[in-house]
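*Asks:* Spelled out, the chains give:
2 protein chains.
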Amino acid sequence: MTGAAATWVDVPEGSGFGPANLPYGVFAPSGGEPRVGVAIGGRVLDLAAALGDPVFAAPALNPFLAQGPARWREVRARVAELLGDERHRAWAEPHLHPLDGVALRLPFEVADYVDFYASEHHAANLGALFRPGQPPLTPNWKHLPIGYHGRAGTVVPSGTPVVRPCGQYRPDPDAPPVYGPTRRLDIEAEVGFVVGAPSKPGEPVPLSAFAEHVFGVCLVNDWSARDVQAWEYVPLGPFLGKSFATSVSPWVVPLAALAAARTAPPPREPAPPPYLRDGGEPWGLDLALEVRLNGHLVSRPPYAAMYWTPAQMLAHLTANGAALRTGDLFASGTVSGPGREQRGSLAELSWGGAEPLRLPGGAERTFLHDGDEVSITATAPGTDGSRIGFGEVTGRVLPARPPEG
Amino acid sequence: MTGAAATWVDVPEGSGFGPANLPYGVFAPSGGEPRVGVAIGGRVLDLAAALGDPVFAAPALNPFLAQGPARWREVRARVAELLGDERHRAWAEPHLHPLDGVALRLPFEVADYVDFYASEHHAANLGALFRPGQPPLTPNWKHLPIGYHGRAGTVVPSGTPVVRPCGQYRPDPDAPPVYGPTRRLDIEAEVGFVVGAPSKPGEPVPLSAFAEHVFGVCLVNDWSARDVQAWEYVPLGPFLGKSFATSVSPWVVPLAALAAARTAPPPREPAPPPYLRDGGEPWGLDLALEVRLNGHLVSRPPYAAMYWTPAQMLAHLTANGAALRTGDLFASGTVSGPGREQRGSLAELSWGGAEPLRLPGGAERTFLHDGDEVSITATAPGTDGSRIGFGEVTGRVLPARPPEG
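Heads up: the protein sequence lines correspond to chains A and B, in order. So the first sequence is numbered by the UniProt record's numbering: it starts at 1 and just counts up by one. So the second sequence is numbered by the UniProt record's numbering: it starts at 1 and just counts up by one.
Chain A with its partners taken away, still in its complex shape:
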């Protein structure tokens, strides 16, 4: 496609929700039931009403996602035509709701949630902080995309407040552990991939089938209690340090909108095993993330720097025959680039708390304070030369609730 994609809808300059994007979400109009919509400019199109299809009169994208890639293409083409051709305006315009008058919900019901660890810069930084004196990358890191399962039931929509969790940790390595509110509440700026079409048990999904199963992309903030995580994670991995809340953005950008964002990943050395070897059209993605703390830009993590692509993550996740379900979410792990101002977590930005981050106005942060608000946004090149936006994932920290008794 060349030139700006067309629409009769008024799309403000820099909206990110132009006609080359068309992300999906779930919204509830004032006093109405939640349903599936597509964002355009400052509005959302009620798909059940506009297309007359009850699959969209659902409180989650899942029924539509389960219909598979041919159907995803068909609906995207119909929506593009409805919003692109002036002749459909009389029909479609009554089904457009202003975004500032609707409530946005969790866009899909999460089946299993997997979190990867795909940034070499992040893994090396965390390794240096968590395992000082040892090599920053574990011996397996460049042979497979390391991942683990997270808690699907605590994935929450953007805007949900995050209560500072309590947990067990050991501030003094020579004293017994303590239980109390985390002192090292952190964020992880991540990109999430939403599985639409399931796979069969026992049948790995090859790299080439990525777009047949993954519907689209959202933003993820994997809130982390670093002191809890550091004490608990050996030998079975992160658990309560992560499971209190994981926030996702309200919009899922379809893979189809990201054709111009595909890019070559960094060189991989040593070459990964055959089932992870991407040939001609790898799924590196040129997404530019921004992290804001109380409104101040504190980091610009570049997704293009990720070592492992989402197609490799999916191929690995299913390499043992594990089946995919509609609504599975897998996230990239913290997106960190090589530069200091490109790190996607406070643990990295403040180097484990040793080098506080200075905010405009004289404030400093190592980890999050009660009342802090974190917002992650991203943009990517669109197929029509515009910038595609991912909306934002945001959350404010509430004080810990003291344990009863």
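Watch out, some of these pointers could steer you wrong.
As the list claims (entries may be wrong) - Using C-beta positions, here's what the derived DEER-type ranges look like:
1) Glu74/A / Arg131/B: 52 to 62 Å
2) Ser15/A / Gly133/B: 56 to 66 Å
3) Ala211/A / Pro136/B: 38 to 48 Å
Source of the hints: derived by calculation from the structure; they are not laboratory data. We put the beta carbon where it would ideally sit given N, CA and C, even for glycine.
Knowing the structure of chain A, use the given hints to seat chain B on it.
*Replies:* Chain B alone, transformed into the frame defined by chain A:
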């Protein structure tokens, strides 16, 4: 209660499904839709028909579980009366189906699946095998019940064949890893706890509220590919070494049936932190497990030897405010006792493959061969002096499917 509980149903000697048990499952009569039933002797009572309540005309226990503990008590009392009082026989008997004429399904839809590591004997054995030269228990082990999230979407009902998974592992520590069928396919004999009533986000579930949230108990076989697990698990824990299949028994024994099985757990030293300190009525459980390989009894793991109780696991799981959902499953981790013949995994029984297990007839096993069948059963003291049975969780190993391309 004293003396055998009464029933007009013919319960064969040693059935395990006497009137003091009344476990719940999901069954499909020949040509019929799956629905909820209660096992008694060699039969299953169709609850939707017998009680005239559509909550049981569902392919999973979840809608009933969500109704909460007062309702669970009420239904158990009604079923006990229906099956106990001869006057109800004419009404109820037509709703009893012979177990050998029905298909048993996954009893509940799994929300999140968490696997603990609560046996000191197992953790010490695995530590010695996976981390030779280091202390067998990690420093955190006696301070908290270590756990991690598993893959809910690959929890399968007993009887589902298990295809030998492929994966990445490194047989030679000085050579690159290889990808292929696991050479170390193992089992883990575990006990699972099924959450019925949800909890609110941000509100930890104290030890005293265990029975208000947990509905019942099932058996779990957490199939494991030890070579894959050993290569992948540092630093984020087990992933593909476990996520290909986790089998559960078809029957969920209500906590209410286990009153006589409650027992004191082993002494805990050092004392756990206050939120994990169980006082007068701890939830140790005297379940006697048996593991059979191709019909031969190979182990008798004693659940009463577990260091952490399921109430402690639940209190820890929610200590950071993580919410529970109906259908959450948490498992104990491998049940291993102090004795060699009480170990719940082949890795332990064969000491990492170094000491093959000798089976009657001259066969030997370190890890599982294609065609092997593993079955785990358990019994517990019932409130009427009988032995309560948990049925069995069984599965046969099928050969690996070679990867395509």
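*Asks:* Taking the CB of alanine 211/A and the CB of proline 136/B, does the distance hold inside 38 to 48 Å?
*Replies:* 46 Å, holds
*Asks:* Confirm or reject the claim that serine 15/A and glycine 133/B have a C-beta distance inside 56 to 66 Å.
*Replies:* 59 Å, holds
*Asks:* Taking the CB of glutamate 74/A and the CB of arginine 131/B, does the distance hold inside 52 to 62 Å?
*Replies:* 53 Å, holds
Checked against the numbered hints above, the structure violates none of them.
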